[in-house]
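2 protein chains.
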Amino acid sequence: MTLDKITLEDQIMTESAKRAGALLTINLDAIVANWRLLNAKVAPASRCAAVVKADAYGLGSAPVTSALYAAGCRRFVVATLDEGLFLRPSLADAEIFILSGPFAGCERDFVAADLTPVLNSPEQIARWQATAHQSGRPLPSVLHVDTGMSRLGLNLRETQVLAEDKRTLTAIQPILLMSHLACADIASHPLNHQQLSAFQAARAHFPGLPGSLAASSGIFLGPDWHADWCRPGAALYGLRPTMEGPNPLHPVVRLDCRIIQVRDIDAGESVGYGATHRASRPGKLATVAAGYADGLFRTLGNRGYGHLGKHRVPLVGRVSMDLIIFDVTDLPEGLAAPGATINLIGGGASVDDFGQAAGTIGYEVLTALGRRYHRHYLGGHAQ
Amino acid sequence: MTLDKITLEDQIMTESAKRAGALLTINLDAIVANWRLLNAKVAPASRCAAVVKADAYGLGSAPVTSALYAAGCRRFVVATLDEGLFLRPSLADAEIFILSGPFAGCERDFVAADLTPVLNSPEQIARWQATAHQSGRPLPSVLHVDTGMSRLGLNLRETQVLAEDKRTLTAIQPILLMSHLACADIASHPLNHQQLSAFQAARAHFPGLPGSLAASSGIFLGPDWHADWCRPGAALYGLRPTMEGPNPLHPVVRLDCRIIQVRDIDAGESVGYGATHRASRPGKLATVAAGYADGLFRTLGNRGYGHLGKHRVPLVGRVSMDLIIFDVTDLPEGLAAPGATINLIGGGASVDDFGQAAGTIGYEVLTALGRRYHRHYLGGHAQ
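Chains A and B supply the protein sequences, listed in that same order. Residues in the first sequence are numbered from 1 upward in steps of one, following the numbering used here. Residues in the second sequence are numbered from 1 upward in steps of one, following the numbering used here.
Keep in mind the hints are simulated off the structure, nothing from the lab. All of these numbers come straight from a predicted model, not from anything done at the bench. Backbone N, C-alpha and C fix where the C-beta goes; we use that ideal spot for every residue, glycine too. Keep in mind that the hints are not guaranteed to be accurate.
[What the hints assert, rightly or not] From chain B, some residues computed to sit far from chain A (all C-beta separations above 12 Å):
| hint | residue |
| --- | --- |
| 1 | LEU139 |
| 2 | GLY309 |
| 3 | VAL316 |
| 4 | ASP330 |
| 5 | HIS381 |
[Stated by the list, open to error] Chain B regions said to be covered by chain A (calculated; three or more residues, Cβ under 8 Å):
| hint | segment |
| --- | --- |
| 6 | 101–114 |
| 7 | 265–272 |
| 8 | 292–306 |
| 9 | 361–370 |
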């Protein structure tokens with residue numbers, strides 16, 4: 001079953017779906033297919049971990065990791081300790097990397113749950129070393145070097161100092177050297193080559209240590225950037241990894257919002273908060289049961305659009321907290337009716353398209369997806 | 001205890017707080033104080049329900065309603081059936097109004113949980129009437145008339161038709177006639193008086209039926225708009241209700257984000273995704289553990305700011321999914337250090353200020369507040 005084949009009837013299969021103002025459909029099989037596609041792209045020299053931070057980019061880290069685990073993924077990346085603790089029970093023998101590293105006083109939580117910290121600074125390294133000392137054994141870690149993000153990670157000098165400190169390296173037992181690209185979505189950006197060079201220079205200090213530089217977009221820069229492990233997140237969830245060419249990934253998400261009311265409007269009548277839209281002719285409006293509290297950004301006001309079947313319908317007026325209004329004047333009679341749904345994502349517009357209309361990127365669209373949607377998962381079983 | 005008096009030590013009182021990248025403090029006593037302030041303002045002619053939709057504007061509908069209930073509030077307003085079902089068990093003898101009204105097939109859920117629908121359209125009225133007929137008794141409802149939002153509610157003609165339909169009115173037993181203002185935050189907007197007139201005209205059709213027109217901002221338009229019931233939401237949570245004058249409400253929210261790493265940066269080095277910030281001098285950056293996945297909008301990139309103690313620190317570069325970077329070059333030595341926190345809300349900038357920096361309104365800031373924060377509630381017990 002693919003996203004464009006499902007119907008409203010497929011979705012309204014439970015009482016909970018019947019009550020919901022909007023239905024979010026997440027295709028776990030598409031996520032798995034994307035992971036396999038990316039693995040195939042970087043093979044045989046490299047492999048793909050799965051980045052499932054931020055609740056798997058808003059799509060639900062439990063079902064997403066479960067589907068990826070069933071497909072064979074054994075290396076997962078999250079941002080925070082809490083995210084790792086949440087996932088550990090369902091990922092018995094998998095590695096879980098924590099990007100933010102250990103906060104002071106939380107080191108024992110990492111050890112107890114067998115979570116691998118990314119060590120971003122000399123201060124985190126010192127604390128992890130002390131924890132290893134207290135534990136009486138080396139404790140594995142991922143080393144993060146900064147090559148141009150200026151965000152987290154060791155700088156060049158700190159990297160050199162660490163490389164010569166064999167005692168510390170024995171205690172913190174690096175299993176991977178990672179860095180992160182700042183401009184990988186723009187293939188021609190000069191920083192891509194600069195960061196690659198800086199990363200190769202850092203790797204030279206740690207002979208034999210596997211490396212990881214590329215996330216989703218970096219994978220599409222080419223094999224030089226693949227190193228030993230890639231770390232796709234966005235691409236797993238169907239987001240466009242590069243500015244150029246068609247998106248090679250399978251779409252994952254579909255969002256359908258229910259029409260509460262269809263109303264006539266006279267020419268000159270204003271619509272919504274601030275009366276920012278005024279009808280230029282007599283027409284019809286459809287109000288749907290989702291708004292910015294559901295992650296449909298206010299920036300979509302008078303800019304966004306949806307689809308009812310094949311028909312594109314413009315969003316008019318401001319986005320309210322729980323409601324959005326569409327102009328359905330030009331639709332065939334009867335198509336827009338209470339109970340019908342207007343599609344915002346996956347039925348004419350991709351997540352990236354939706355983000356563009358909102359003045360942001362697909363990543364933020366996904367992580368903003370609200371908690372009131374009825375969430376319906378497709379697939380996800382081992383294939 | 002007020003928000004400006006609490007310290008980090010007050011907040012880091014649990015293991016869960018220790019692990020969290022950011023701490024969200026919510027002052028339930030301030031919410032209760034705001035509800036009382038608003039009640040006093042509209043008394044004696046009117047009273048205030050409490051709008052707790054969208055998870056009480058992102059602040060947690062369970063603790064918020066519990067605090068308001070303990071303070072005597074007995075009328076609550078939510079957007080969706082699911083929100084009402086969630087609250088019903090803890091609000092035994094309170095009224096719960098559901099703004100979106102009954103979706104087809106869900107009418108029995110309203111009856112079973114004693115939830116009062118807002119009836120927005122002839123179609124919803126017909127279904128509620130049929131439900132009353134099946135139940136063998138009148139079923140209370142709130143009638144919604146549109147007076148200028150063009151969003152939900154009966155239009156003038158539909159209102160007149162209903163007013164003459166005594167049989168329907170007996171079945172759907174209206175207990176309140178409501179409408180909603182479009183421009184109440186701008187006191188001088190001509191629509192405020194137009195909507196008031198239209199509402200008064202609608203009320204004339206239903207003699208003796210209590211009315212409700214004003215939400216938070218409408219309360220500050222003056223007594224003419226207060227009718228019998230006001231419906232504050234935003235003002236309960238401390239948001240500014242009007243464009244003019246000081247904000248009379250108590251601040252409710254405080255957001256502190258933990259510094260993961262402090263790093264030196266050379267002149268000319270770029271920061272973050274897209275390299276959109278470039279250091280003009282040697283300096284220091286602090287990276288904190290929260291990002292747009294936590295509701296800190298990407299629009300804050302190179303525009304937002306935080307406070308470390310009394311010092312304002314600019315946000316530099318783009319907002320990442322899990323991280324934000326601040327320029328802390330000008331702070332006294334040692335103030336910015338791993339484990340310290342940078343305040344984004346409540347310690348120098350209000351929610352409204354934060355929204356303005358992000359190009360939106362405080363409402364959207366609150367409803368976007370993420371799920372990864374450690375949430376710490378102050379007060380909330382009956383006083």
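Against the structure, the hints:
no.	hint	result
1	LEU139	18 Å, holds
2	GLY309	20 Å, holds
3	VAL316	9 Å, violated
4	ASP330	17 Å, holds
5	HIS381	27 Å, holds
6	101–114	holds (count 6)
7	265–272	holds (count 5)
8	292–306	holds (count 6)
9	361–370	holds (count 5)
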